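With the hints as constraints, model all of the structure from the sequences given.
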Amino acid sequence: MNLLVVILIQASFYALLGMGYVLIYRATRVLNLAHGDLMVFGAYLFFQALVATGGSLTLAIMAAALGAALLGAMVYLGVMRPLASYPVAVGVLATIALGLVLRTIVTVIWSAQTRYPAELLGRTGQPIVLFAGVNVSGIDALIIAAAVIAMIGFPLLLRLSTVGIEMRGVAENPLLAAQRGINIHRINAFSWAAATVMATVAGIFFSIKVRLGPDIWYVGLAGFAPALIGGMDSLKGVLVGAVIRAPGGACGAVSGAARRAVDAAMGDFRLARGA
Amino acid sequence: MTRRGLPSTLRTNFRDDIQLLDSGFVRFWAAAGLVAALLLPLALTNFWTGVANQVFIAVIGALALNLLTGTTGQISLGHAGFVAAGAFTVAALITHFEAPFGFVLLAAAIIGAILGVLVGLPALRLKGLYLAVSTLAAHFVILVGVGQYQSTISYGSGFTIPSPSIFALEIGSERAWYFFLLPFALGVLLLNLNWLRSAYGRAWMAIRHRDVAAEALGINVALYKLLAFSASTSLTCVSGALWAYHTAFVSVEAFDFDMLIRYLAMVIIGGLGSVLGACLGALFVVVLPHIISILADKIPVLQGLGGKTFDLQVGVFGVAMLLFLILEPRGLAGIWARVRFYFQLWPFKYRAWES
Chain Y
477 MNLLVVILIQ ASFYALLGMG YVLIYRATRV LNLAHGDLMV FGAYLFFQAL VATGGSLTLA
537 IMAAALGAAL LGAMVYLGVM RPLASYPVAV GVLATIALGL VLRTIVTVIW SAQTRYPAEL
597 LGRTGQPIVL FAGVNVSGID ALIIAAAVIA MIGFPLLLRL STVGIEMRGV AENPLLAAQR
657 GINIHRINAF SWAAATVMAT VAGIFFSIKV RLGPDIWYVG LAGFAPALIG GMDSLKGVLV
717 GAVIRAPGGA CGAVSGAARR AVDAAMGDFR LARGA
Chain H
4 MTRRGLPSTL RTNFRDDIQL LDSGFVRFWA AAGLVAALLL PLALTNFWTG VANQVFIAVI
64 GALALNLLTG TTGQISLGHA GFVAAGAFTV AALITHFEAP FGFVLLAAAI IGAILGVLVG
124 LPALRLKGLY LAVSTLAAHF VILVGVGQYQ STISYGSGFT IPSPSIFALE IGSERAWYFF
184 LLPFALGVLL LNLNWLRSAY GRAWMAIRHR DVAAEALGIN VALYKLLAFS ASTSLTCVSG
244 ALWAYHTAFV SVEAFDFDML IRYLAMVIIG GLGSVLGACL GALFVVVLPH IISILADKIP
304 VLQGLGGKTF DLQVGVFGVA MLLFLILEPR GLAGIWARVR FYFQLWPFKY RAWES
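First to last, the sequence lines map onto chains Y and H. Counting along the first sequence from 1, when you hit position 215 you're at 691 in this note's numbering, and nothing is skipped either side. Counting along the second sequence from 1, when you hit position 195 you're at 198 in this note's numbering, and nothing is skipped either side.
FRET-style restraints, in silico, Cβ to Cβ:
hint	chain 1	residue 1	chain 2	residue 2	range
1	H	30	Y	558	35 to 41 Å
2	Y	694	H	252	23 to 29 Å
3	H	301	Y	652	52 to 58 Å
4	H	50	Y	720	47 to 53 Å
5	Y	720	H	256	27 to 33 Å
Simulated from the structure, these hints should not be mistaken for laboratory data. Just so we're clear, the structure is a prediction, and the values are computed from it rather than from any experiment. From the three backbone atoms N, C-alpha and C, an ideal C-beta is built for every residue, glycine too.
What follows is the structure, encoded as structure tokens:
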């Protein structure tokens, strides 16, 4: 039973990551290979805010989310917008380069030392009893809650709010959307900001639960697998993908390399089916 | 993004068009470059000769990637995996059979060609983003495969490769390597140039421009895509084999994401689709880290960064790639073309057509 809950937590984490990929892919048709680095950057913002506020979780998360939103919008306006007219492959290559730059900035500012934000929080770690015999820590409950909120909130946002409708319009046909008076660059910048915030939230949870270091960008890249398995432009698909992907991460017996091979093979399988 | 080659001034017949050295300007600089390359080892220390050798090996790899991604327009993120396949061909053939140098290089080329067909076959149906992802998956599959091989055969510690020898001449010192790799890299360069001016090259470029139109013109798109894949991976595997011999040690850690990024940086900074660009890009990417670490020792501001020179190198690559993508998509080759046209057409300002 506990294993199932671990899988649920993992799935929530991957769903958060995968949704970031999907948001950016839907909006700009770019596979964002810098997502893992955006995640690391956001997690470090959180760490810095945690130090500054003296260990207040709520304040730190809010500050990190704000910073991440700014970062995402800046990345779109500074890097992706000038490349908008180029082939898709160029955009993908640009995100790789962007990831390198972000990683360097993180290492130069915060050094490559591994940190444990959980220590700053004082590790209150009271287990919460979900139901008889199943315990989760507070942070696990938060991960699940965040994923559920994102999973329900984003489709609602896309369906009901003005900005959501504009986002769908831009994703469907940018030219028509622009002619209808929608500022597509503002909308795309918003998509990037939202995706960066989601990456940051995932990064925050990972850094509290496990550790924080510049090398955890790899975890962020792994979030690409659920997005791919679920279909790159479907938010619901991410959930399915995350559930498929999670057991691989949950079973400690599987070595990292084999897991990556499974990811790669699953990606190939989906591609071979003519996605 | 224009990714055309570099046309010189007006051409009036077909022979002019396929000439390799198409103007006095190019002839002069090719001759000067060759003389400089032959005399260079006299001026270089042992360390810098080694760097030059790395440049030659990188040139072969970059030309191969350029053939696939630049000329044929098939984006490949599996390049480091193919380099690893070449290097591990060397490791396996030497560990199990103590095979001679020439035979190993040939075997690497053949294995590379087969790998290219294997990766190319599913890639025939994929385009753009999905092609990028499937080649990235190929990268991981190959790395896991050779990683398993390494941990089974050598218990994880990697393979030591003895110095190769051809015709009883041992290639041991960096200078010997230099005079072996210089003609080798030049040969691969000529091979690429010749491919580009043959029917193969024209078919590949047609596929890059628009595969549907290429098919309508009677080009067997599937066949030529596969040919591009296997030619590229074959050359890449040879480059990986040379890398293994030159480094004298093969271990799976060397072929990570960073190596892939270095090769991508070479073709992007050099200029996608340009043979000259691939060479310039390889030179730039291999030499830049050494220059950065020298600068980091000399300039006081950078000294504060201490042991972070590696991260600095990575960051400079990233910034350089971004700047070239945004500001000069034709890369170093594009800059060279502008300089060249300026002098060739002087005192006139405008060239006959936009290159």
